[in-house]
Amino acid sequence: MTWETVIGLEVHVQLGTRSKMFCGCSTAFGEPPNTQVCPVCLGLPGALPSPNAMAIRLAARAALSLECTVHETSVFARKNYFYPDLPKGYQISQFDRPLSSNGRLAFESADRGPCEVRIERLHVEEDAGKLLHDRIAGRTAVDLNRAGVPLAEIVGGPDLRSPAEARAYLTALRQLMVYAEVSECSMEKGSLRVDANISLRRPGQAALGTKTEIKNLNSFANVERALETERARQQAVLDAGGMVEQVSLTFSAATGQTRPMRSKEESHDYRYFPDPDLPPLVLSPEWIDSVRRELPELPAARRRRFVTGYGLSAYDAGVLTSERTIADYFEAVVAEGAEPKGAANWVTGEAMSAYHDAGHFTVAPERLAGLMRLVGDGTLSHQAAKKVYVEMTTSGQEAAAVADRLGLVQVRDEAALGAWVDAVLAAHPTEVARYRAGETKMLGFLTGQVMKASRGKADPKGVQPVLVRKLGGL
Amino acid sequence: MSAGEAAREVGQRLRAASRLNATLAWSDAALEAEAARVDAMPVPGPLHGMPVAVKDNIVTTEQPTTCGSRMLAGYVSPFNATVTDRLRGAGALIACKTNLDEFAMGSSTEHSAYGRVLHPLDPDRVPGGSSGGSAALVAAGVVPAALGSETGGSVRQPASFCGVVGVKPTYGRVSRYGLVAFGSSLDCVSVFGRTVSDAQRVLASIAGLDPLDATTVDQPPLETLPGPASLTGRTIGLPREYFPPDLHPGVKAGCDAAIARMKELGARIVEVSLPHARFAVPTYYILAPAEAAANLARFDGARYGARVTVEGDIRAMYRATRGLGFGAEVRRRILTGTYVLSAGYHDAYYNRAQGVRARIAGDFALVFASGVDFLFTPTTPTPAFKAGEKTADPVAMYLADVFVCSANLAGLPAVSLPVGRSEGLPVGGQFMAPHFQEAGMLACAATLERHLDATREVAR
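Line order of the protein sequences matches chains A and B. Just so you know, the first sequence maps onto residues 100 to 573 in the working numbering. Just so you know, the second sequence maps onto residues 75 to 534 in the working numbering.
Honestly, the hints are just simulated from the structure, not real lab data. One thing to keep in mind: the hints can contain errors.
Unchecked claim - Capping the alpha-carbon separation at 20 Å, the derived lysine to any residue pairs in SDA-like fashion look like this:
no., chain 1, residue 1, chain 2, residue 2
1, A, Lys178, B, His420
2, A, Lys178, B, Arg389
3, A, Lys178, B, Thr410
Stated by the list, open to error - To spell it out: a stretch of chain B is covered by chain A in this simulated footprint if at least three of its residues, at any positions, have a beta carbon under 8 Å from a beta carbon of chain A; those stretches are:
no., segment
4, 137–146
5, 239–252
6, 282–292
7, 376–388
8, 417–426
Virtual Cβ for every residue (Gly too), placed ideally from N, Cα, C.
Okay, chain A solo, but in the shape it has when bound (with noise of 0.2 Å):
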């Protein structure tokens, strides 16, 4: 029998602040655990919360990039729960009245092309902290550093339709929040996780089945996975005539099977209510419209005037707009006088390679371009320029410096050029007798063993004229 699947995801965010959601505590990661906190993050007797507003920004900045609408009020609340990562025995988050609701994403995939997702809404919360298991034999240890670090849960529509959308919609997701310098969306540090929500249902259905929940996924590779896995048990369920029990469950890597939380770790009754000690968030509409001005050109717009603007293929158009960094140097690549298509060549070819080793950009694109021109007037050759090229990612000189110091640049020099000729003549009876007879394609052989005799350097295009000239006047 067919189901369609439907998924829907629930993303965390971390907000790229410095500081923490409600104190100054530093979020930067990878510390001693419990060396960044304080009394308002450890949840100590009297402390209050104080609102980061940069994190506020942040967040507006994350939802205007997803269309969403900002509301000019928004309420923090209280989430109530009992557990030891949660030093006030409360979450701070927005509940019935989130910072901004109703937005957008698009996204390709692969089976149904352009696609959307709804965004329903994007809330402000503070992060809990980690429980250590490892650290203390038999016992768990409590790290609250990343205690009140600021977050944005981004929750999407039902509207994918397969695991593989799910990875999509999340790399969309990922590259719209980096672009937005809204969060640096590493999930190896923990600044982006996955809920995710599956169900199934009858083609044409319009209600949607009972769905489960897979909890904390912490890679897009385990995302997919995880739903794969999901989605078979589901539809073996249905299939043998079953039903699907709403439960939330967690997904091993390790041995990639879902199983279902105990029912402690999962059934809360969150008791939300606003947190007394935090005014009602009022935003006003000329702060929003600054946000919205400050929101860098986003990718989907950058990808179509890479197209129409340079005429790049949509494939080039795609892969330099991948990250931002990549479109900027690309850009700054084409205003330094470079031909755009040349450019895309170079950024996505040795650029990138390059940019993936080291982590960033190694040749300015003063540099580049000056290279493309040295190609472009015949003084390198395009082999040579690549050699040239990698030189210049160590060395941090010109390209007309590199080419001189490695004796690349291409010879024209006439005498230069027929001494290799004569050579290659005097060296080569056979060849040069049938080409006098007649058989002009020996020409070719004879340019290739001229350009190995010069080991590359001679220029290609003032051989042949010379090559003739010699054949026809001896």
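Add chain B to chain A, keeping to what the hints say.
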């Protein structure tokens, strides 16, 4: 008098008053250190050398802050409350920490893990609560002023019982940073004084915007106005709901005498109505416990304070710690608060109470918009009651706050001052004012204070 002399004197008085059980932590050494600090101040502050007692739910780094609970026995805060920093900045001496109902939950200071506080005039009676220790010390003449805290009248009610002045500021006037939270939307650090003027000076020193408390409001500094010679031009409203037929005759007589005196001083007296007043106590006893249940969740034995170790998982430790660490009244309120917020009851209790709270505030807004400057009412339905009289009946205890908790629900400033005595026990009258109108309200109270002999037995 130097701060050092003041410190030695207050030390002697604290020792002499120890029978009241009003203090928790204090020491001669700490007092001397306070005095040395004040005497070293290059410029004397407005409270130079004034000893001020501090309720033990306001955190200080020099002494433990127990909140009157076993849960925080010996707990020393690593930071000071904004109000204690400001008191010190103004040149005051922190005299001692004072006993209170556990986590400020109570109206008699009988619910302290460290024993009940005695009424200074009658050891068989309660001083009121929850700030009973602070009230008793001011009434006994140990300190001229003290900090307390109010969630539902916990300064004005004991002020009335003990015969001293108690001022609750507008919500947002004084920082709550360092006040251990009970009902955060209601909590106000509040002030006791022997006179209106002392209370006014202390309040002015601790008031003002605090970046550490997002609910503080930026207002011009609080003026300390003298009481005017007459009350001509002032309109005083008497809400009829606050003068029920069964009001204690001594309380009624004391208030009547005060009203008559205000009339003589030129005030226009009008009867007004606050129709939702009767819902104040039930509304309060839904909202305050709801917030308290969340605020007290942090006392779980995991990071600080008491921990009861038992067999089983962490939930077993939570249960044991909270079951033994909290007293009965605190547990009762946590259970009530958890219930009114739980799924299925949230609308019927918490949401409805929020609606009623808005109506109670609306009543006050209407009355003040009608030309009434201040309201005057009895502070409590009776003078101080006997110890043990209401401990078995929580609702009877809660009704001791019937006239005081509306001001907390509406966020209004209010002051209780002694207006006479009934069978030797003080009777208090209360003014309530529009938001941030403390200066005018206190000036009016100062004028009345000057023209009343509050130690006089009022006719029955």
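Going down the list of hints, with the structure as the test:
The hinted pair formed by lysine 178(A) and histidine 420(B) meets the criterion: a straight-line CA distance of about 14 Å does not exceed 20 Å. Between the alpha carbons of lysine 178(A) and arginine 389(B) the distance comes to roughly 18 Å, so the proposed pair stays at or under 20 Å and holds. Restraint check: the Cα-Cα separation between lysine 178(A) and threonine 410(B) comes to about 17 Å, which is no more than 20 Å; the hinted pair holds. Here's how the segment 137–146 of chain B fares: 3 of its residues keep a CB closer than 8 Å to some CB of chain A, so the rule of at least three is met and the hint holds.
Beta-carbon proximity to chain A at under 8 Å applies to 3 residues in the segment 239–252 of chain B; the threshold of 3 is reached and the given coverage holds. Figure legend: the segment 282–292 of chain B, annotated as covered by chain A; annotation consistent (5 residues with Cβ-Cβ distances under 8 Å, at least 3 required). Here the segment 376–388 of chain B counts 4 residues with a CB under 8 Å from a CB of chain A, which clears the bar of 3, and the coverage holds. Residues of the segment 417–426 of chain B with a Cβ under 8 Å from some Cβ of chain A number 3, which satisfies the need for three, so the listed coverage holds.
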